[in-house]
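All residue numbers for the first sequence refer to my numbering, where the first residue is 20 and numbers rise by one.
Treat the hints loosely; a few may be bogus.
Claimed, not checked - Listed below are the simulated EDC-like cross-link pairs for lysine to aspartate or glutamate, each with C-alpha atoms no more than 16 Å apart in a straight line:
(1) Lys163 with Glu149
(2) Lys143 with Glu158
(3) Lys402 with Asp464
(4) Lys602 with Glu583
(5) Lys207 with Glu90
(6) Lys82 with Glu154
Think of the hints as simulated: they come from the structure by calculation, not from any bench.
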Amino acid sequence: MGGTARRHRPNMGDGVFLFANLEVTMSEKNGNVPYVESELYRIRHSAAHVMAEAVLSFFPEAKLAIGPPIEDGFYYDFDLGKDENGKSITFSPEDLENIEGKLKQLLKQNAKFEQSSMSVADAKEFFASEPYKLELIDELAAGKVDENGNPISEPVSQVGIYQHRDFVDLCRGPHVGFTKQVKANAVKILRSSGAYWRGDENRQQLQRIYGTAWHNRVELDDYLKRLEEAKKRDHRKLGKELDLFSTSPEVGGGLILWHPKGGLVRHLAEEFCKNEHLANGYDMVYSPHIGRSTLWKTSGHLTWYKDDMYSAIEIDEDEYFLKPMNCPFHIMIYKDKMHSYRDLPLRLAEWGTVYRYERSGVMHGLMRVRGFTQDDAHLFCRKDQMPEEIDRALNFCLHILRSFGMDKFHAYLSTRDEAKSAGDAERWGDATEALRAALDRAELDYDIDEGGAAFYGPKIDLKMIDALGREWQLSTIQFDFNLPERFEMTYIGQDGEAHQPYMIHRALLGSMERFMGVLIEHYAGAFPLWLAPVQVEMIPIADRHIPYAEEVAEALRAAGLRVEVDGGNERMNKKIRNAQLQKVPYMLVVGDKEVESGVVAVRTRDNEDRGNMSVADFKAHALKLLESKSLIL
RNA sequence: GCCACCCUAGCUCAAUUGGCAGAGCGACGCUUUCGUAAAGCGUAGGUUAAGGGUUCAAGUCCCUUGGGUGGCUCCA
């Protein structure tokens, strides 16, 4: 991901369910003005300043870095200096409590925010003891970036200053008029963390405090409640509760163990996707998990990607490497014979398991792991086929995602970085246009990540949002102008000459692990019927009803439904509760009445009592929902 | 990898200033055979993540390692 896409994304209209309330709030209060012009933005920006004032009251030696509003809140970065042992001073949980108390107290004292400006020279003198502010001033004066790190168009001669009480900060604003306009009971300090100055891990690590601020207490409570709700749909929590997957220190971090239920959901997802691939002109291939070093030398991975690869495996005095990608293998399949222009396009698909080194601090449930299975494919085609291939790939991708009920995502088009790109400009231009045209034809909104492409080709990425609002890339469609060159791939054209094919990498679900993580959170564990590991729970009221429950279960299983019979020694209420907690779509209660009239009492996990149905009617209903991959029961 | 915090029974959590390791759920056994979200009684279950240290005494304090959480950085 390139720098330009890492901008703040305060666009609340992204439609993730969790923030639905917020959208309403925002538009009501602000008439849909952009976030940076909203009152909430000023409130948060002001809260950041007053928080810094509070920090200085406890840590007078702290140096100020930056403190901008962000989505749902604000932060401020500080350098607290070193203690007598030369260790960086950090905030303790008690410090944060004290700072929050002081912040609230300072807000109530109602100081006025006064705006002014200074010449660059005056500002450098005024902030002489604030090294981070001095660096910011220098960069503003040099016309490089503003105080938030965003590029600016021309050098500035005057810098903005905001002051309340004795606290003076280099700042463009805007702020509220008086500190009291930030309600003390609508502000909360959330956490602290380390953060590198200028986002550069080679520079000083600062101490960041995150806080949140809202118009009033009710909004703050709503926000905190939303955070609580979000935690309930965290795939790591649900993965344990629903017995879907686990990891084990004995196996190693970032390596997933799929349990029977999670494995079944994954299998169902894969089965559907594989069949769709076969129906859409793809060929399924398989390749090994390791390959000789010569392969990775030719591909360039040992030059460019070595840091992400695991160390060599020695076999017969030769070095082999675990694959971080599938592409070299698919290229070898292509190269196993000569190709005529008539053979193209060729679409080689594989559920390929790859292993990549991830630094220990970045692993996250199923979302970021060290071993994962991509729904990978490589398209090889002629120039004249290329635009249609892109179109097909994108539409196929949207079809697959929508089949899983996913229709809210961010699309990005990443374009060429002139400084580092392989392949000629004309190919880049054609390819980028094909991607853009496909996005337009699919009527997708997308952001352009200027210069964000890999050195080997432009791409489209689709990112989904998890329960906590974090974005995760699933789909990618990317050109590769590098590998066909390195592997000297050719086909014989109509003119009898050898030509280089276009090569497109694409993954739709991305990786099965990450996709499952997103899927679990998307449905909060309540999978649609076609994906539910257990679709029907038979609930006999007393032991004498078990034979009938088994009989019904067999009839439903014969139709392909996944049915369990709860023959345990518990009361019906408890069995229902258990099935509810496991988010089983249908509970079929059978007692004397049902046995007598040969029906089942249908209850859904949505707490709906559907009354009695004949087994045949229930079966027909369920099969119809399965056929259409219905999201409702 | 960096910063902070966390790790007690299968799960969720208690345990006063350092002073006898506990509860609920789950599992198992017995009783109960029940009508739409938790029946009753009983039993088993622990080297308090691992290792080291301080102390008369460590779940609690200190150090090391491992794992996790939230950020930062990274994620062609």
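Status of the hints after comparison with the structure:
no.	hint	verdict
1	Lys163 with Glu149	violated, 19 Å
2	Lys143 with Glu158	holds, 12 Å
3	Lys402 with Asp464	violated, 26 Å
4	Lys602 with Glu583	holds, 13 Å
5	Lys207 with Glu90	holds, 14 Å
6	Lys82 with Glu154	holds, 12 Å
Against the hints set out earlier in the document, violations occur for numbers 1, 3.
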